[in-house]
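Protein chains in written order, with the working numbering: chain A, 1 to 65; chain B, 1001 to 1914.
Simulated from the structure, these hints should not be mistaken for laboratory data. Hints are not guaranteed to be accurate.
[Stated by the list, open to error] Here are the simulated lysine-lysine pairs, DSSO-like style, with alpha carbons at most 27 Å apart:
# : chain 1 : residue 1 : chain 2 : residue 2
1 : B       : LYS1780   : A       : LYS7
2 : B       : LYS1749   : B       : LYS1662
3 : B       : LYS1859   : B       : LYS1725
4 : B       : LYS1765   : B       : LYS1780
5 : A       : LYS7      : B       : LYS1095
6 : A       : LYS7      : B       : LYS1446
7 : B       : LYS1285   : A       : LYS7
8 : A       : LYS7      : B       : LYS1765
For clarity, every value in this text was computed on a predicted model and none was experimentally measured.
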Amino acid sequence: MNELESKSARFVALCMLGMVLFNYPFLALFNVTGSLFGVPALYAYLFIAWAALITLMALVAESGH
Amino acid sequence: MLHETTIVLISFLYLGVLFAIAYYADERADAGRSVIASPYVYSLSLAVYATAWTFYGSVGRAASDGVGFLPIYVGPTLMIALWWVVLRKILRISKQNRITSLADFIASRYGKSALLGGLVTVIAVIGILPYISLQLKAVSSSFTILVQYPEIAMPATIGATSIRQDTALWVALILAAFTIAFGTRHLDAAEHHQGMVAAIAFESLVKLLAFLAVGVFVTFGIYNGFGDLFARAAAQPKMSAMFAPLEGVAGGYANWVWLTILSMMAIMFLPRQFQVAVIENVDEKHVNKAIWLFPVYMLAINVFVLPIAFGGLLRFPDGSVDADTFVLTLPMAEKQELLALLVFIGGLSAATGMVIVETIALSTMVCNDLVMPVLLRLRRLRLNERRDLTGLLLGIRRGAIVLILLLGYIYFKLAGEAYALVSIGLISFAAVAQFAPAIFGGIFWKGGTRSGALCGLLAGFAVWLYTLLLPALARSGWLPIGLLDRGPFGIELLKPLQLFGLAGLDQISHAMIWSMIANVGAYVAGSLLVSPSADEHRQASLFVDVFRHTGGPGGARFWRGTASVPDLYSVLARFLGTGTADGVFHGYAAARGLRWPTDTLVADAELVHQVEVQLAGAIGAASARIMVGSVVKEEALSIEEVREILDEASQVVVYSHRLQQKSRELEAATAELRQANERLTELDRLKDDFVSTVTHELRTPLTSIRAFTEILLEDPEVEAEQRRKFLGIITKEAERLTRLINQVLDLSKIESGKADWVATQVDMKEVISDTVAAMEQLFKEKNIEVEARLPERVSSVTVDLDRMIQVMLNLLSNAVKFCDGLNGRVEIALSERDGSLRVDVCDNGRGIGAENHEAIFSKFHQVGNTLTDKPHGSGLGLHISRQIVEHFGGRMWVESSLGSGARFSFTLPTGSQT
């Protein structure tokens, strides 16, 4: 039961992390006309943050087997 | 050239392939080798979330406000992070209660309420209609555009007048026929639609590949990669403004956040998502992989959205081409016939996947939660006479599928033209979001009641109708547009798009704020104000505590009444067919060691419960309740009785917790006892050793005393000289004996704590000088040089003076004993440091090996071979000395190595200690 609970807590924490990443003020920081690696900054930020979040979710999901 | 016939043929060919896959999967399922029992298929089937909206609409949205399409996919990712907590619970509940749909879930949670199930169904059907119309619009317009190839013309400018040319109607009818063939071949709502799931997973692959193909073509075929494409876009002021789209719009961030929240709910409560994620799930463990695979899918299908949007805007700068069609029109403009065809098939697969699953889910709801409860109540007697009702159930479902698709078509005709694809879909999202309070509240809050859920759903749905559906109809010209501009009856405060004067938000955020306030408020208020019935109380507990009730008797505990086995059998056979009914009764009898139908079964609570659950799997919880209620005589349980049963259950849990606690304590006590026993055994062994050593030590002097006295006694002629020598030995041995006995007594006193300690302020300088003086004679005899290095002044210590002298005497006599025989030298040093005195006694004897440094402090330890060397002492002196020093809070140790003397040291704290 303990392992299940800690896994739940990790997922909830990841959800919170996502809510922070995809919200004001982080969005505002990248809401500029400039580019990042030749890609619009906000677009690049969203995809990088999204991919990172999914990676973390995969790590938590596949842990503890 | 792409002929109309070619396209139609290829489309049907594609649908045929789907059907073949479904057929194959069904066959495999019947053979017991399921193809969908894989987390990968499960994850792909979840991607039914990506519809024509994703396929065509996202690009349209991106072309107007940059990254504005993304919350629709980021939101679900956030929700999926919570799946481990939420979805697992919903899955467990649904499996235990054989839930058949979203409406069934809500109805079942709130006391198997047929009214609530019906309301949820109505909301779902009306709410989803815009979404279905979106798919029809996407397929028909993509078809209309594609047949113009190589021309690029928008459907609106072509104008279809005759029925034959009304593509959307044809699409609706074909899809209805296809879905009926697909999903309602036989009555298996309780089982899984394995064929459908396999086909949907395949469709997810097709649409992803098609979209990625266009993305790669636009980005790397038309332009030279992302950098080139975005650089060109940046050169256009209109597009470079979209690089930072959130600033310009009033409430840009609020809109973003609301869209995220909205899609978080949509991923859970769209009927088709509930269908594939919950109803069609074959193994809870698949969730584990889907948690990250499905978000990866969403990420992949979105990477090229913005590049395609910018590519389209660059290619068609005059705005003549609808951005919703860029995915298709870009390959067409570049004369990529095959790619355009692939795109059309991709869009078709996105749309058909959605329509198939959505209508199957909705038709199940309409049948189980809307039509059947009404029929069973209205014409109960006549229905009960019918022997086989499976045909009726299938008929209702098929009718519902056709009806839903036609309604979708009508909505498309009424309001579809005025909105872009994404805007149409969002209206549906907002409708299903209304289920969120009732479901989340239902699985986490036992206090949520039927009245609360009814009020919440009604209030939320009413606001949705007023703020989203009404404006959609008004904009399409079916209601006076003045309603939007001036408000009903000219009341500005009630303007549907700026309710109570709330302005500055987009339409969806505005509707979400008001509908959620109304919904949650009414749900909570209704739940708190109206107390629940016994049924609701029971269901609330079964849902919220699902993980606690696992493996228990479940719902059967709550039933009391009388029933007959033939009645139960016939009601089951009517809805599920005799085959299934026989199976259920066989299984039930076998579990009790009986044979059916030869042995007599008792229609007890467990059997009634089994029948009801089986029925619920086919016709929904509410209908099953009515059916079972019609053949059994049920005694209604009062709410107090339900509470009692629940209390009993929770008391059992408490007892079992206590029992576990007790057993843990017992284990701990056992372990302690075992340890104590081991210690006792060890002590016993030590005591034996001690006794035998003491006996041995006592016997040595006794033996020599006895030997010499015997000589003197038997031989009177011993010379005087000899006699004196013998007597001297006897005296010395007797002294040694006395000393030994004294030490043993002393030791036992110290160890048992009975020793008298007289603690006084003692000056160690004096102790040392006194003992050295007392032993001066001995040193001289042995020709040993003594040096005592004492400081001027030292702090006094609180110790027993006599005991300290005993310690010093012991150390000094040891030093004397082991000193070098010729040039013996003993050094005594006293020093004070860090609040403690330290005494060192060094000799220059043969030293002690490191292996004996601790051993010499144990009882009766003699360094050296006791057989060959003559023992030099009792072996108790150092042991006692250490006990004394430790008693006063000090420490005693030795530093030495063989051949270089030994240094015995001890410390004593100078603070006042006893």
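Against the 27 Å threshold, does the CA-CA distance of B:LYS1765 and B:LYS1780 hold or violate the hint? 22 Å, holds
Agreement of B:LYS1859 and B:LYS1725 with the hint, judged by alpha carbon distance not exceeding 27 Å: 32 Å, violated
Are B:LYS1780 and A:LYS7 close enough, with their CA atoms no more than 27 Å apart? 80 Å, violated
Restraint status (C-alpha distance of A:LYS7 to B:LYS1446 at most 27 Å): Judged against 27 Å, a Cα distance of about 24 Å means the pair holds.
Would you check the hint for A:LYS7 and B:LYS1765, treating anything up to 27 Å between C-alpha atoms as holding? Roughly 68 Å separates the two Cα atoms, so the pair is violated.
Would you check the hint for A:LYS7 and B:LYS1095, treating anything up to 27 Å between C-alpha atoms as holding? Judged against 27 Å, a Cα distance of about 23 Å means the pair holds.
Between B:LYS1285 and A:LYS7, is the straight-line Cα distance small enough, at 27 Å or below? Holds, at about 14 Å.
When you check the alpha-carbon spacing of B:LYS1749 and B:LYS1662, does it fall within 27 Å? 42 Å, violated
In this structure, the hints that do not hold are numbers 1, 2, 3, 8, in rising order.
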